[in-house]
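2 protein chains.
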Amino acid sequence: MNTPHLSKTHPLSTAFCGAAKGNWQISAMHTLIGPSLPQVPCLEIVKPDALAQGPAPAWALYGLPSHLRYTTQAEKVVLDQHPSLLNKPENSCAVLIPIQKTAVWWQMAQDERRHIFEEDSQHIAFSQQYLSVISRKLYHAKDLGEDFDFLTWFEFAPENEGLFNELLDYLRSTREWKYVCREIDIRLFRSEASGLLPEVHYE
Amino acid sequence: MNTPHLSKTHPLSTAFCGAAKGNWQISAMHTLIGPSLPQVPCLEIVKPDALAQGPAPAWALYGLPSHLRYTTQAEKVVLDQHPSLLNKPENSCAVLIPIQKTAVWWQMAQDERRHIFEEDSQHIAFSQQYLSVISRKLYHAKDLGEDFDFLTWFEFAPENEGLFNELLDYLRSTREWKYVCREIDIRLFRSEASGLLPEVHYE
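Residue numbers (the numbering used here), protein chains in the order written: chain A, -19 to 183; chain B, -19 to 183.
Read the hints as simulated data drawn from the structure, not as lab findings. Incorrect hints may have been included.
List of simulated lysine-lysine pairs, DSBU-like, C-alpha gap at most 30 angstroms [what the hints assert, rightly or not]: (1) 117/B to 56/B; (2) 1/B to 158/B; (3) 81/A to 122/B; (4) 122/B to 117/A; (5) 27/A to 56/B.
Make a model of the complete structure from these sequences and hints.
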C-alpha cells in the first residue's frame, strides 16, 4: 500500500482504516474497477495521529474536506436546504466508496469536466432527490498524493439501501463514470455495541 | 514557520527555500498583506527530500502542479498557443508570489469564484497578452495544509520588468484580489555563476 506520509500530518486529514477491529463492521467489499484492497472485517475512522498509537491497520485511506469544485451557487442554495446530517440514530448503514479518475479527466479544462459532471451526467440534479434519506460527506485525496482521488462516505437507514443502490446504479451509468478507473464499494453497519459514535467526521 | 510534514513527501511537491545560499539571488521581498517572511539573500528550488540533506533554510514554501481550476476549453486552446517556457537564457529575472485567499473566497460556489476570477476580473484574458514575454508556473498549496494557497513563479527578461509590473498592477486592482489576505512579492535574479539551472521545475 502506498500511503505517503504527507496525508498523516494534515490538520484536516481523516483516516479510514480497514482492520480486525473498529466501530463499523464491513458486510461486503466489492471492487468494481482497478486494484482491490485486502478484505477486512472492520473499519475505524480516526485522525491520522491516532493511527500512530495503535496497531497498524491492514490499509488506511486518507482524505480531507475541501471547497466545492463543480457546484454552482444556484445548486448550492438547493443543496443547503437539505444539509447532509451524519450520525442520525436511524442511519445504521454506511458505505465508503473510494474513487480514482483517469488522467484524461484531470487533463480536461474546468468547463469540460463540469459539463460532463452535471449538464451531461446530472450528478447533482439526480442525487439531490435522495438527500432527505441519504447523508454523505466527500473527502478529497488527489492533491494529497493518495492512490484515490476521492472518498465518499454515505449513511442511511437499512430500509433505504434500495434507494441508495438506485442512486449508485444511476451514477455508474453516466458519462462521468467512464472516467472512473478505480472504484471500491465498501458496505458497513454499526457494531451493535457502538451506538452513536464519536467518529472524527462528526466533529 | 508552520511547514507540515505532509508537503515534504508528496512526489510532485516542490520546495522554494529562502536561505543564505541558492541559485537565485533575492533583490527585494515586499509583503503586500498579511504576515511577512524573514528577509533572506537567496532562494533555492529543490525537491523536498533534498531539503533533509542540507542545512535548514530560513523558510520553505511548498506547492505542487495540479489540474486547471477555472480555465475553460476555449481559453485553454488560446493559452496552449503560447506555452509557458521556463529557463529561457534571456529570462534572468524571476518573481515568486505566494498568495493566500480568504475563507469567504473558498466558501463560494465554483461559478461564483469563476465569475469573479474571469468574467469580472479577466484574470486569464488580461494576462494572456503578456504570455509571449512572461513565463509562469502555478503551484497549488491549499490542500497540502500550507499557509499559502498558491505559489506563482514568473520568469522574464530584465527589459520586461515594466510589463510584468503592469500585469501585476492590473491583477491587484481587480475584484478577485479583494479576496487575497496574504501576499508577498519576492523579486529574484540568477546568480551570475549559475547560468541555466537544473531547477526542479524545469524537469
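* Hints the structure violates: just list their numbers, smallest first. => 2, 5
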